[in-house]
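Throw the hints in and build the complete structure from the sequences for me.
Chain by chain, the residues:
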Amino acid sequence: MKHRSALWFWVFVGPFAAGLALFTYVPLLWSVGLSFFDAQNTVTPTHFVGLDNYTAMLRDDAFRDSLKTFLVFTAFIVPTTYVVSLTLALMVNRVRWARAFFRSVFFLPAACSYVVAALVWKMSIFSGVRFGLANTVLGWFGTDSVAWLATPDPPWYWLVLITVRLWLQAGFYMILFLAGLQRIDPALYEAAAVDGARPGWTVLRHITLPQLRATSVAVVLLLVVNAFQAFDEFYNLLSDARGYPPYARPPLVYLYYTALGQGQNLGLGSAGAVILALVIAVVTVAQARWLKLGRTDADG
Amino acid sequence: MAVSRRGLLGAGAGVGLLAACGGNTGRGDGKGGTRLAQWYHQYGEAGTEQAVKRYAAGYDKADVSVQWRPGDYDRQTAAALLTDSGPDVFEGSPTLDQIQGGQVVDLTDLLDEVKDDFNPAVLTPKTYDGKIWGIPQVIDMQLLYYRKSLLKAAGVEPPTTLDALVDAAKRLTDSKVKGLFLGNDGGAGVLAGTPLNAAGLQLVTDDGKVGFDDPAAARTLGKLHHLYTDKSLLLGAPTDWSDPAAFLQGLTAMQWSGLWALPQISKELGDDFGVLPFPKDGPHGAPAVPVGAYGSAVSARSRHREAAKEYVKWLWVERTDHQEDFALSYGFHIPARVSLARKAAKLRSGPAADAVRLTTEHGHAQPLLWTPASQTAYQDALVRIIKGGANPESEVRAVVRKVGAELDRVKKKR
Chain A
0 MKHRSALWFW VFVGPFAAGL ALFTYVPLLW SVGLSFFDAQ NTVTPTHFVG LDNYTAMLRD
60 DAFRDSLKTF LVFTAFIVPT TYVVSLTLAL MVNRVRWARA FFRSVFFLPA ACSYVVAALV
120 WKMSIFSGVR FGLANTVLGW FGTDSVAWLA TPDPPWYWLV LITVRLWLQA GFYMILFLAG
180 LQRIDPALYE AAAVDGARPG WTVLRHITLP QLRATSVAVV LLLVVNAFQA FDEFYNLLSD
240 ARGYPPYARP PLVYLYYTAL GQGQNLGLGS AGAVILALVI AVVTVAQARW LKLGRTDADG
Chain B
0 MAVSRRGLLG AGAGVGLLAA CGGNTGRGDG KGGTRLAQWY HQYGEAGTEQ AVKRYAAGYD
60 KADVSVQWRP GDYDRQTAAA LLTDSGPDVF EGSPTLDQIQ GGQVVDLTDL LDEVKDDFNP
120 AVLTPKTYDG KIWGIPQVID MQLLYYRKSL LKAAGVEPPT TLDALVDAAK RLTDSKVKGL
180 FLGNDGGAGV LAGTPLNAAG LQLVTDDGKV GFDDPAAART LGKLHHLYTD KSLLLGAPTD
240 WSDPAAFLQG LTAMQWSGLW ALPQISKELG DDFGVLPFPK DGPHGAPAVP VGAYGSAVSA
300 RSRHREAAKE YVKWLWVERT DHQEDFALSY GFHIPARVSL ARKAAKLRSG PAADAVRLTT
360 EHGHAQPLLW TPASQTAYQD ALVRIIKGGA NPESEVRAVV RKVGAELDRV KKKR
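These protein sequences, in sequence, are chains A and B. Numbering that gives the first Met the number 0 applies: residue 0 is where the first sequence begins, and numbers increase by one. Numbering that gives the first Met the number 0 applies: residue 0 is where the second sequence begins, and numbers increase by one.
To be clear, the hints were calculated from the coordinates, so they are not data collected in a lab. Any given hint could turn out to be false.
Stated by the list, open to error - A partial selection of chain A residues facing chain B, derived with a Cβ cut-off under 8 Å: (1) V128; (2) P245; (3) Q263.
Note that the coordinates shown come from a computational prediction; the quantities given were computed from them, not determined experimentally. Cβ atoms here follow ideal geometry from the backbone N, Cα and C, with glycine treated the same way.
So, in structure tokens, the structure goes:
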């Protein structure tokens, strides 16, 4: 009987484990291996270069700039998404009628592809010509058209990048907050009301936010990791057939061009990927420790 | 050993599944003999795909399957050349790293008798160490289209110097029409080395050194920033420089685009347009136009290298009727063979004849030694100069250092 259940375990788990190993772990280990070789235009290099690719990547201004781009993006997107999704969750949680409708409306963008959304933003809403939606609205007020994605000063492209991601992901995090809100014991709010706490900011600050602590920690961690992995909207909004502007190039876009562009420097690209993975791991662990992720009150 | 019906069915299903997973890579031997996979990037002109499939179907020594590949074609081929499932024959411009890495096959012997008939402007960038790594298919070039009526209304002459271009773009700009469209990135991508050529400089010299370590480079590139600060440039158009839509829709009075756009512009604007090279700048400058050509190349990982070479020779060396048809019947290109270009009636009059003349007199091809890393460094600097107002001198100095290091790297591999 025990033997049979083990067999069924592997029947169901085996294909997924094999897929995971074949398409994730093997390429991952291969990539780490490549990072120590001169792997230009080859995935089976022979010339061992030690840490040369790592030092070259760390000295590369463009790679360091891409990390700065990520920091700016994170500084915008994490707090903005946090506030917007929490606000949406609080509003939807209070709604007394058509609750399912509002939840669906705000959640639906999460089902949309980043590529599709980026193209809608680029070609329809924030097109730089006078008949783009945003420019049409500006035109009503007699303002000149703005080349939203082509102007680094002022950096309007950030508005496009932030709004598209916000539209796509706020609904998902709203659902997480909604789940957290529904786990809060209503007796706490009743007790607060009895003690004279007025509904609004006081209750939010002293009851809702502390009760949502675990959810908030998870949301912030997910937001930071997702921001590090930003690629789709950056690439689809800002690249063209000839390249990509240096002023908004996040790390993954830079590594894509290094390893998979015509240069095909897979050694250098792999070194960059390892560095990026280490940065994400360090930031995530530090953040988790700082926010005391996984600890209960009893743990102190 | 007896095989049960269930076992036989299971084995059959397994084999079927494996076969389905394998797919048709276009490789291996078919019934009629050798099978070759040939890749083309997606051309915009109607009829081109059918034409190349018709040529392939007419080849009787191998079964050639044509793949028409949309998207980021150069990156697709670069990745495919690393694997055994890539194409046998592909159109593209083999990079120096691909040649030095042994990813493409030497095709020198295919041109033994006709090498002199191929336009040197496009054959030279396919040549390395005296060997030819791609057979040029057609010549493409870029040029400046201008709307005669708009220039006349503004009292502007077609610009022949870079200063005149900056001035004309400013005078042609109003609340609805911009003076000039150089692409949504302000020209950094498409112009590449053309402004340097217009200043009398090169990207890489004939003896393999950095060709723009000169004060003229910073002076010329700095002028492109004026176009941006004057708000004379169209930015954020629905389609990029390669599509003449912005020019045809009246969003811009002048547009930098390709020769391929000429038939469409001619059809919609009639005689109300002219073509110009990128105007000269400085005392040693000269007008410039970029020329380029995809070549037909053979993957070194092909299991049928000789058959693939034979096919390339048949298609792009022997069948001149196909070459002429491919260059002139669908889009608008200059045949890579000088003899074909000379006799093409479509290239003898009007702006088409001007374009051919500009190619001959002022054409510059991107040198093979100009690597993707050099291109990225230069293009980044150009974006910073044009849009960010970065100091051209320091930007050019940094690019010269980077390109110098790249040239040293590729020379070491020689």
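Now for the hints, and whether the structure bears them out:
1. V128: Holds: closest Cβ of chain B sits about 6 Å from V128 (chain A), inside 8 Å.
2. P245: holds (4 Å)
3. Q263: holds (5 Å)
In this structure, none of the earlier numbered hints is contradicted; all agree with it.
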